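Visitor: Given the coordinates of chain A, work out where chain B should sit on it, guided by the hints.
So you can see what is in the structure, the chains are spelled out below.
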Amino acid sequence: MSVEPEVPIVQVEEVRENPVLYKIISSDNHVFTISEHAVKLSKTLWDLITNLGLTAENALDNPIPVENVNGKNMETIVQFCERHKYDEEEPEYTNYIREFVLPEWDRQLLSIDNEELFQLILATNYLDIQKLMDYCCRVIGDMAKDKTPEELRIIYGIPTDAEDDALERSASDSPGPSG
Amino acid sequence: MSRFTARFPSTFEDKDDSGDENKTVFADESIPVFPCYNLYPRSSKLSVSGNSARLKSISLNDNNDIEEDTLPIRRIGARKRDNPFKKYQVPDEIVDVIFSNLRKRDLLSAMQVCQQFYAVGHLSRNWTTTDVMERPITELTLITLMKRKIRVLRLAGAKPDPISRVNVRMFAACMLGTSRIEFLDLSRANLTVRQLLILLKPCRKLQCLSVEGNVLDDQVASCISDNKNLRELDISMTRGISINGARMIFQKCNNLEQLNASWCGLSEPILRVVIDNITDKLRKLNLSGSIRENGLNDELVDAFSAKADNITDLDLSDNGQLGDAVVATIMARFPKLTHLSLNRCYAMDPNIIVHLNIKPSLIYLNVHGCITDNNMKLFLQMCDRLKCNTQLFNFTAKPTSNNAPFIWGHNMLEY
Chain A
1 MSVEPEVPIV
11 QVEEVRENPV
21 LYKIISSDNH
31 VFTISEHAVK
41 LSKTLWDLIT
51 NLGLTAENAL
61 DNPIPVENVN
71 GKNMETIVQF
81 CERHKYDEEE
91 PEYTNYIREF
101 VLPEWDRQLL
111 SIDNEELFQL
121 ILATNYLDIQ
131 KLMDYCCRVI
141 GDMAKDKTPE
151 ELRIIYGIPT
161 DAEDDALERS
171 ASDSPGPSG
Chain B
1 MSRFTARFPS
11 TFEDKDDSGD
21 ENKTVFADES
31 IPVFPCYNLY
41 PRSSKLSVSG
51 NSARLKSISL
61 NDNNDIEEDT
71 LPIRRIGARK
81 RDNPFKKYQV
91 PDEIVDVIFS
101 NLRKRDLLSA
111 MQVCQQFYAV
121 GHLSRNWTTT
131 DVMERPITEL
141 TLITLMKRKI
151 RVLRLAGAKP
161 DPISRVNVRM
171 FAACMLGTSR
181 IEFLDLSRAN
191 LTVRQLLILL
201 KPCRKLQCLS
211 VEGNVLDDQV
221 ASCISDNKNL
231 RELDISMTRG
241 ISINGARMIF
251 QKCNNLEQLN
261 ASWCGLSEPI
271 LRVVIDNITD
281 KLRKLNLSGS
291 IRENGLNDEL
301 VDAFSAKADN
311 ITDLDLSDNG
321 QLGDAVVATI
331 MARFPKLTHL
341 SLNRCYAMDP
351 NIIVHLNIKP
361 SLIYLNVHGC
371 ITDNNMKLFL
381 QMCDRLKCNT
391 QLFNFTAKPT
401 SNNAPFIWGH
411 NMLEY
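Line by line, the protein sequences give chains A and B. At position 154 of the first sequence (counting the first as 1) the number is 154 in the UniProt record's numbering, and the numbers step up by one without a gap. At position 9 of the second sequence (counting the first as 1) the number is 9 in the UniProt record's numbering, and the numbers step up by one without a gap.
In case anyone wonders, no lab produced these hints; they're calculated from the structure. Source: prediction; values computed, not measured. Ideal Cβ placement from N, Cα and C applies to all residues, glycine included. Treat each hint with caution, since some may be false.
[To be verified] Part of the chain B face toward chain A, derived, beta carbon under 7 Å: (1) Asn-83; (2) Ile-94; (3) Asn-101; (4) Asp-106; (5) Ser-109; (6) Ala-110; (7) Gln-112; (8) Cys-114; (9) Tyr-118; (10) Val-120; (11) Leu-140; (12) Ile-143; (13) Leu-145; (14) Ala-303.
Here chain A stands alone, though its shape is the one from the complex:
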């Protein structure tokens, strides 16, 4: 009895969803499955798939290794791609200023530590996902709103030139002439 109400929901999903699934292995050997529409958001992965000639039959048998991305970031990326796989193509930005609104769901997804966010950006850059890139950069940009340079240095942990020089000097001095 409990199975019956779920059936139509699955069917609706089936109608929209392409059954082709791909497997991705992250650098620390976590395995993720991702649908075809979602994987198309990443230009790198999609190029890889077309070049490898993976089809619906052999896709699950041939997992794609992604060396540069760890499991945690890959999980976020897979979540993001599955969420946005049916989004309409966005028009090319004619204006340099990005005039989009960050959806609440994505804001929640990206409300993570600074360090993780930067790792995620580098992973996104590697996988070439334009939309996630825009969203991540928006999150980082929002941190800088209405801040003085000194506050920005604290937020991003960037030393001033004087401090930087001092650090480099101490680093070069520390081995000593003997070492």
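Guide: Frame of chain A; chain B shown alone:
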């Protein structure tokens, strides 16, 4: 002796001014107010050697503790973070995308953070439209601005510093550079010739330019003449235009569609140069306020009317020499004319002006000051087809009208 004092100033002071307290007071009195820790000696051996009792009373160890407590930037307990940009070697392209989310004022503070940010922010396309309206500027500001990727620049009403100068090498480099500015608004900025050269010399692609109220000598004119695609030129209220300068500008800029040369001291020979070089591309013209007794006359208007068939908006106000013949010229020529201003042309007979009512294309007529108050009612009755005296100002080739936040259609507001 002099060498010796240069090396050990503290010793010198202690010996010579042993009785003078004022010289040595700086240490204990200034520190609570200005914490200059770099200047303060760390080792207690160094300076508390001499005779000053007050210096001796300071415990330097206490002050070292203060140094720990009140470091200017890092706070106690603040979590120290590594610089993620350095740690992950974030490439400049990503920083550029991040900066594209910032408003200009945030971008400016970000550019002060470190050298990488400055370099990326300097080249950011965020500067495509830049508004420096009514801000204080120096030559250095202008040179820095010219190096950025600016397409629309508004310097209207800026407050330039006439004294501070950049060094010769930077100036020369700027003179040799090129810029991609297409829309430049310098109205009411009152820049020096040198500052105008910094701005105008690199420009080759200008489409619209307003130098209202600035100096327009031959050097500046030759810079303007390099922009062959100039469509709208506003030289109103400028001073110093010569026949030579006018020849340079109007012979080379053949694509002018709007020209505002009002109140810039145009004499008859200069006007002849302007009118000789006018093409039929011109749609709006403002020649009001030429020099009295030696300015725009009936013959010049006649010569000009033969060349400019496409004129829709004509302003000949404040030209006392214009007589009734001009009205006849206007009636016969200018088939597309819709806006006409003849304010304060006192030599014209109102009885003749009334005939403009039957010119089919004309819609707006401005004759402020030509008609006496008593006759105004009668005049309006006779010109029943026209909209008389509806416009107070002429906006030919002006960047903005009615204080709108647009210059030549480009929005200057940030979202």
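Visitor: Decide, hint by hint, whether the structure agrees.
Guide: Here's how the hints hold up against the structure:
| no. | hint | verdict |
| --- | --- | --- |
| 1 | Asn-83 | 5 Å, holds |
| 2 | Ile-94 | 6 Å, holds |
| 3 | Asn-101 | 3 Å, holds |
| 4 | Asp-106 | 5 Å, holds |
| 5 | Ser-109 | 5 Å, holds |
| 6 | Ala-110 | 6 Å, holds |
| 7 | Gln-112 | 4 Å, holds |
| 8 | Cys-114 | 5 Å, holds |
| 9 | Tyr-118 | 11 Å, violated |
| 10 | Val-120 | 13 Å, violated |
| 11 | Leu-140 | 19 Å, violated |
| 12 | Ile-143 | 22 Å, violated |
| 13 | Leu-145 | 17 Å, violated |
| 14 | Ala-303 | 45 Å, violated |
Violated hints, in rising order: 9, 10, 11, 12, 13, 14; the structure is consistent with all others.
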